[in-house]
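Using the hints, build the complex out of the two chains.
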Amino acid sequence: MFTDRLKQLIHYYEEVISLPHKTEVARELRNEDDFFLLLLYSEMVGIPNPVYYYTLELYPYIIESFHDWHLRMGMDKSPLNGIRCC
Amino acid sequence: MNAILIAFIGIVVFILGYRYYSKFVAEKIFRLDPNYVTPAHRFKDGVDYVPTNKFVLWGHHFTSVAGAAPILGPAIAIYWGWLPAFLWVVLGTIFAAGVHDFGTLALSVRNKGYSIGTIADRLVGRRAKLLFLFIILILVLMVNAVFAWVISNLFISYPASVFPVFIQIPLAIWIGYAAYKRNIKMLLPSVIALVIMYAAAIMASRVGFLQIDLVRYMGGENGTGLFGLGTVSTAFLIWIVILMVYVYIASTLPVWKLLQPRDFINSHQLVVGLAILYLGLLFTSPSMTAPVVNESPDRSFLPLLFITIACGAISGFHGLVSSGTSSKQLDKETDARFVGYFGAVGEGILALVSIIAVGTFFANTDAFSQAYTSFNEANAIGLGTFIEGAATLAQGLGIPTDIATTIVSIIVVSFAATTLDTSVRLMRYIIAELGIEYKIQPLTKTHVATTVAVLSSAALVLIPEGPNGFGSGGYLIWPLFGTANQLLAAISLFLIAIWLKRKGSNYMVALIPMIFLIFMTLFAMFQQVVFEWSWMGTGSNMLLFVLGSIIFVFAIWIALTSFSELMKKVEDPLNKD
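If you read the sequences in order, they're chains A and B.
Going left to right, the first sequence walks through residues 1 to 86 as UniProt numbering numbers them.
Going left to right, the second sequence walks through residues 1 to 577 as UniProt numbering numbers them.
Derived from the structure by calculation, the hints contain no laboratory data.
Since the model is a prediction, treat every value here as computed from it, not as a measurement.
A few of these clues could be false.
Calculated cross-link-like contacts (lysine to aspartate or glutamate; reagent style DMTMM-like; alpha-carbon spacing at most 25 Å) [stated by the list, open to error]:
id, chain 1, residue 1, chain 2, residue 2
1, B, K28, B, E377
2, B, K257, A, D68
3, B, K129, B, E532
4, B, K181, A, E32
5, B, K112, A, D68
6, A, K22, A, E32
7, B, K257, A, E28
8, B, K332, B, E565
9, B, K129, B, D48
10, B, K332, A, E15
11, B, K185, A, D76
12, B, K54, B, E27
Isolated chain B (complex conformation) (with noise of 0.2 Å):
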């Protein structure tokens, strides 16, 4: 089947979802108000609260929210065939992130602006607040360590990409530093730092001193490495330790130093990959090679698919963008449909073009089958595949291959690095609330949180050992990934539910795609805990049959506490607002 008719299906699908389905959503069911006074004009301080334009508003949110998540999920996920993932990608987009991403930011306009962590307190109590904040630590926890994975083995598989993504920190401090000391608009320095980026890009591919290949310098993958290690595996170790080292620097540095600049050029590197693969997708018109469904998978698609894509068709993490900060500058209330839904769908399109570029990259069905041999195989190649296939893509405006490759991976380390340092951040924040929570005072203290987020995700990232060896083993963290992320949209979804309740609208919107959420991670935490990393499951582990034990109490805790909650008939105290 032809690519370009999936892309076009999806976006079609895309388009009437946000049309029909939104807008009844909008209007029957969260019964939005253009003359309610938003907390951006409520509160308006020029600082958080600031009436916004919506499009500028749906600019800088979508640029939030997505990243390389919604790359490496489907990327794995075709593994069962490209037609389970693009249907789990459509329909999840429509009918649950949606109205996750809708529904969290309608539900903080009508709280003050609240995050939903403290909607959870003043709606159900103290008790969802902290499972919340346990939830997201986990998940937080997860980020750390599958992104710190992903970027050192993409750094060792495509050793061109190294000098480019390091020259981008010098351009983030000098663009902040045009922002915020120099107020200089943002078109030229932001244009300067990408042609800088991409010329260091085309350089490294083709110049042999610029790639930075930390195996190759210990003499092959059949040399000696440190401490009685291969060569990849001490690669593996020293670029860990790197990152940990940097992602320390960054997250205790102000937002404006670092952070913010690098996600400035983030967003312009969504637009121009976007725009690449998109284009390329037009000129090269390819065929889908992987095949529609695969018969013969090693492990069922159910409940596995629904928590491999996590981000692209539902991700809770957006939930923490919708209510944390574009809740506070929502000019109008009926903006929140635009905004929340069609971030949701920016990110589909994304999680879309992922699909094709992997269902497309093979030479056939069969080379597809012998490169995706089972799931394990299809975590570890997933990422590598999506860069080798967009490059591809990217051939049909006349890129050559090896520039391309270099550039699809600089984009996806970039979005993975500031990820890596958002998580980081949010994660020292969270320790240091629950130190406050439990009156834990040291871990208050900015560098004791860090210190405690950095060397936690760094064990989680070196301790479990994958088939190949040290090393090997980040990917097998990708379903604890899904299903923490999974369970604080079933969460956020419960409390629009709940909402929606006490308004005496029809909640089923929200608690269908809640329960459907629920049922899948207790399904897969049960099968993974159980039958796989238990001592008696095939691949035992005990630290991720501890992490996964603790996932699946939570979504247990969940369901139950949701349940008895819904059937209470309580006072509204929302509408005292």
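Looking at chain A on its own, in the form it has when it is part of the complex (with noise of 0.2 Å):
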């Protein structure tokens, strides 16, 4: 019963603690895929890719992510013809 109580409250601890952080971690995560995806979208934006042409069969996997940001950007349509996510 004690043990119970003692880690609910180390884990409420780890909790509140770890907030902040976990922002931060996940933030970083966030614009390192953003980077990602403009690697791999870059033709379309202008930016000569030569891999691009591989780069698409990834299309069906990247477009849920696509979605969130244009989405994220305060878009609230796709802004680019290729990809029709909405």
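Right, dumping it as structure tokens:
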């Protein structure tokens, strides 16, 4: 009973204390993902990409995160004609 | 009167305020809806917008808003007697701070989790947003100057605190590395850091060469300092320069490297400090030796009391935390009551213990009156008295006075140092934003903005000369800090009032504290600017006169804008979201 309470308390403590750094880690990861997205589809914004032909194969896997990205950037609809997520 | 009784009454009233008043505000005025889809769910992205348990969010919110300011204000304001300070802290927390912190959180939740500045832009227009930015700029400038002065002063008065405070920096960097790069559980590193810091405190209290006492190195108070200054003034100058170099580096580093791990350590110190003080209070059961009311003060408590205690009674700074971060993580709209209102109550409890530590420190009322001779003297000695008083309370737990004094001074310096780091960082952002707004390209660069922030803060702390010569002018800025903070709170309350009016609710809960704050700010600034700092005043000081005048004009501007805005009948732009 007491150990359960103690475990709960430590869990609560970890949650409170890790709240800000979880955010920072997630933000850094998201920035890297955004950069990766740009590398994959740079051709669509006018930057030549020699492997574009191959990255296009990733289209079905990436479409969902692209949709999240344009919503996050404040665009309700997809800004690129090539990607029709919505 | 026994101090336990005072603490008990204060805490019971806080609980009643939370139980009844905040419930009334939540249900009848804000009309919070448990089914409302909060921004944390609507824009859930796993980064900024994350639905979070209300207890966890409260823990984070409270440790973000609590700092050195709710300790310093009451320690000065007890000059008018403990009763006025106690009443303002208790009533201010219940009717002003609670509504303000809770209201900004609720308002932001209903506005996509936007910050108060952006909401001001949407509700009133671009002019309001710029006014808001300027007031925050002045506020952070004051914070930088006041806390740089506070830390330097504590380093000179308590040389044993220097070593443990500096040891905190490598510990924080290590914790940051452990948390971000190694993803280690936080309990162990935090406990190790605290143990090392407090072990350093014990050693520094007992071992002479670990006490970094610049004044002693230069041959004591009567020795010779640099540039023809006295030794105390030279020590002050050296500490200010070191602090400014530190904040320059600290505020340009990524937050996870130094600022956030320092905040982790401070959260623990806050819990340790509150526990030591309240338990010490229970064990020592001291009586209040400060007078109930000071019958012959040199300055009337009206309006100064209400700007001397800003944090701890109401603080505009909380609105920035409420609306910027906490609102994006609120799971249910109804949780705003617990997180916002109870966060303010937590800060009130900290302010309450500050009143008690200072109020019980002196042997009798005469000793108090001999120390707190004037309002200016109270400003100068307030924090030192809190540290001595808190150490006396800690004695109740068997901690020797010298070690307790060092530990309490470390806690206060750590709070002040993190506040300094955050506010220099904030000042850098605002300067950059103003640079974008007014198309001044160089200001948008990180290092230019930081240099402007650091140099202007150093100038503000070094230029005003206090009665004890160079380096003693820092505390003259405290009333300006209070007013800037209150004005910020007034703008937030005004936005809450507009929101409530457009909702068709009774907006008096926000409007009455707002009018009270604006009135007190105008009154205090008029008094200080005209009768004290102007060329015809008693303590003529051009710099303070100019800053005070700017705040005075801003206060009038806010008063006029808010009333014209409240009188207007406009369609509700908020409900369109």
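Hint check results:
no. : hint            : verdict
1   : B:K28 / B:E377  : violated, 46 Å
2   : B:K257 / A:D68  : violated, 29 Å
3   : B:K129 / B:E532 : violated, 31 Å
4   : B:K181 / A:E32  : holds, 15 Å
5   : B:K112 / A:D68  : holds, 17 Å
6   : A:K22 / A:E32   : holds, 16 Å
7   : B:K257 / A:E28  : holds, 13 Å
8   : B:K332 / B:E565 : violated, 31 Å
9   : B:K129 / B:D48  : holds, 23 Å
10  : B:K332 / A:E15  : holds, 18 Å
11  : B:K185 / A:D76  : violated, 39 Å
12  : B:K54 / B:E27   : holds, 18 Å
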